[in-house]
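A.B. asks: Sequence:
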Amino acid sequence: MKAEMIITNAKVLTMDLTRPHAEAVALSGGRILAVGTRAEMEALAGPETRVVDAGGRTLLPGFVENHMHLFGGAELQHLQLTGVQGMAALKAAFAAFAAANLDAPVLMAEGVDYGILGHAVTRADLDAVLADRPIAMRAMDHHTVWANTLCLERAGLLHGAAMPVGHEVVMGPDGLATGELREFEAFDPVLALAGVARMYVGISTGAEPPGPVPTAHRAVDKAHIERGMRHCAARGFTTLISMDGNRYTLELLAEMEAEGRLLQRVKVPFHLKPEMDLSELDRASAMSADFQGDWVRSGTVKMFMDGVVDSRTAYMTEDYPGVPGHRSMPLFDPERFKAVCTEIDRRGLQIAVHCVGDGAVHVTIDGYEAAGQANGFRDLRHRIEHIELITRDDIPRLAALGITASLQPAHAPGAMDFPLAGMEAVIAPHRWPDAYLWKTLADHGAKLAFASDWPITDVSALRSLQATVTRRPYLGAADERVSLMDGLVAYTSGGAWAAHLEHLTGTLRAGMAADLVLIDGNIETIPAENLGQTGIALTICGGRVTHDPKRMAGEIN
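Position 155 of the sequence shown, counting from 1, maps to 155 under our numbering, and the rest follow consecutively.
Because the hints were derived from the structure by calculation, they are not lab data.
Fair warning: this is a prediction, and the values are worked out from it, not measured in the lab.
Some clues are possibly wrong.
Calculated lysine to aspartate or glutamate pairs in the DMTMM-like style (CA-CA distance at most 20 Å, straight line) [claimed, not checked]:
hint, residue 1, residue 2
1, 11, 548
2, 439, 394
3, 11, 520
4, 338, 280
5, 11, 53
6, 2, 53
7, 447, 486
8, 11, 486
9, 447, 479
10, 273, 333
11, 338, 275
12, 11, 524
13, 439, 486
14, 338, 369
15, 447, 16
16, 222, 257
17, 550, 520
18, 2, 40
19, 447, 379
20, 439, 393
21, 447, 394
22, 439, 479
23, 273, 208
24, 91, 125
25, 2, 23
26, 222, 255
27, 273, 366
28, 91, 113
29, 338, 277
30, 273, 185
31, 338, 379
32, 273, 343
33, 273, 168
34, 91, 127
35, 550, 53
36, 338, 282
37, 447, 502
38, 91, 132
39, 11, 40
Hey, can you work out the whole structure from these sequences and the hints?
C.D. replies: Here is the structure:
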């Protein structure tokens with residue numbers, strides 16, 4: 001059989017332990033035809049074969065983004081406020097955005113630092129920014145939104161609203177909303193006013209959009225998804241684990257697959273909310289049964305156990321600094337959570353739980369342990385997402401129970417875009433040695449899967465890899481850097497394993513999906529501090545080129 005494409009003269013890191021290095025890869029029919037030397041692969045070329053001379057660049061399995069959100073595609077159109085500080089800069093940014101978006105029902109902004117104004121933001125602050133148009137800005141972690149008075153009024157939130165546990169329209173002494181909206185259901189009416197609510201229904205409520213959704217609206221939502229996919233393809237991703245979906249999301253993705261528009265393989269979970277009855281898991285089982293293809297699949301149940309440290313909604317085992325008696329609370333009652341995990345596990349579904357605080361991590365590990373004791377411990381690879389703080393006693397339990405640590409290198413303060421300053425306000429210094437552990441978890445046998453949580457942080461795998469190898473330890477904390485190769489595993493073969501996709505992608509060997517990324521340089525010799533600036537020369541998913549910034553020198557055909 002002749003190859004459809006050959007990438008040759010490359011430094012191939014296969015992530016296949018039986019043959020870790022090669023010089024060239026041949027592709028055909030959406031699969032890897034062969035891996036080997038230049039001479040072996042070039043012998044498979046025919047008249048129609050596209051041959052790419054990699055010029056010594058590094059060729060890897062396509063990156064696996066193990067925790068991201070497809071709604072990021074919609075947010076690429078919003079005002080980006082990452083790095084903006086102070087009232088003057090905020091006013092200028094919104095004024096320019098307002099002038100360029102005269103018809104927007106809400107002027108939405110993203111990437112806001114909690115300390116953007118040096119104090120707790122209120123609707124009065126945002127009224128001073130712009131009072132005659134609805135404006136809202138969302139924290140970088142996506143767990144808080146601030147809105148001006150007009151936006152709150154039009155969204156029906158100015159006088160407050162009843163919310164599930166853990167979600168809050170913060171009220172002021174005047175009986176009106178302060179402008180701060182905590183967690184997804186609290187700010188969902190703002191997203192609805194902005195016209196993007198369908199993209200968030202899965203993570204906000206675990207439900208489906210009120211249907212049937214008109215064809216025109218489906219087209220808008222697919223355009224948001226495709227925009228996000230192009231953004232990810234340009235950064236070398238061939239597989240996405242989107243943590244915000246529902247059946248509607250899966251249906252859109254299936255339509256896009258039929259239309260030839262998918263740029264990555266996508267896995268989407270069912271989102272179980274604390275107030276839901278266990279019978280709702282029938283929907284999760286149906287999603288898993290109906291979507292099990294190579295491109296679009298389900299099979300995971302996602303839950304939130306807590307919030308985030310910045311808003312002090314992460315569930316801790318100790319009081320927050322300066323706030324005696326406040327540790328937040330788990331979103332699921334611990335005993336009920338054990339029953340929930342046992343039922344999900346019984347159905348053969350993977351579980352993924354958002355846990356930021358060490359209290360949330362502990363409750364979740366207990367739930368997984370209860371499920372294993374009830375059903376027998378099987379290779380379901382239940383996951384904990386984030387693990388920003390963990391107690392020492394819980395560290396070895398991850399490996400003992402086969403729990404995957406789904407970590408985001410970009411989240412550690414000072415490692416990438418989040419500042420180190422201010423960490424002491426939410427995590428006491430004596431707990432810093434237990435915060436944002438990467439190497440410690442791996443050293444204790446936990447399987448690591450890396451991700452960005454995009455659009456919470458930059459989706460770039462190369463920037464995250466730079467963070468893993470250059471991160472400086474906090475005062476009194478251990479060195480938690482992960483080696484470059486271990487980081488690459490967590491973004492390729494380890495990431496595929498965590499998603500139950502190791503039979504399909506994550507390694508370069510004959511028969512596997514033709515999912516590859518060509519790095520613009522030799523990744524093993526690029527200075528660590530320059531990794532994040534390294535370009536992606538080519539991304540291929542299923543044998544199809546999904547990102548090609550330029551026709552490479554030396555390419556034939």
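A.B. asks: For each hint given before, does the structure comply? Return the numbers of the non-compliant ones in rising order.
C.D. replies: none
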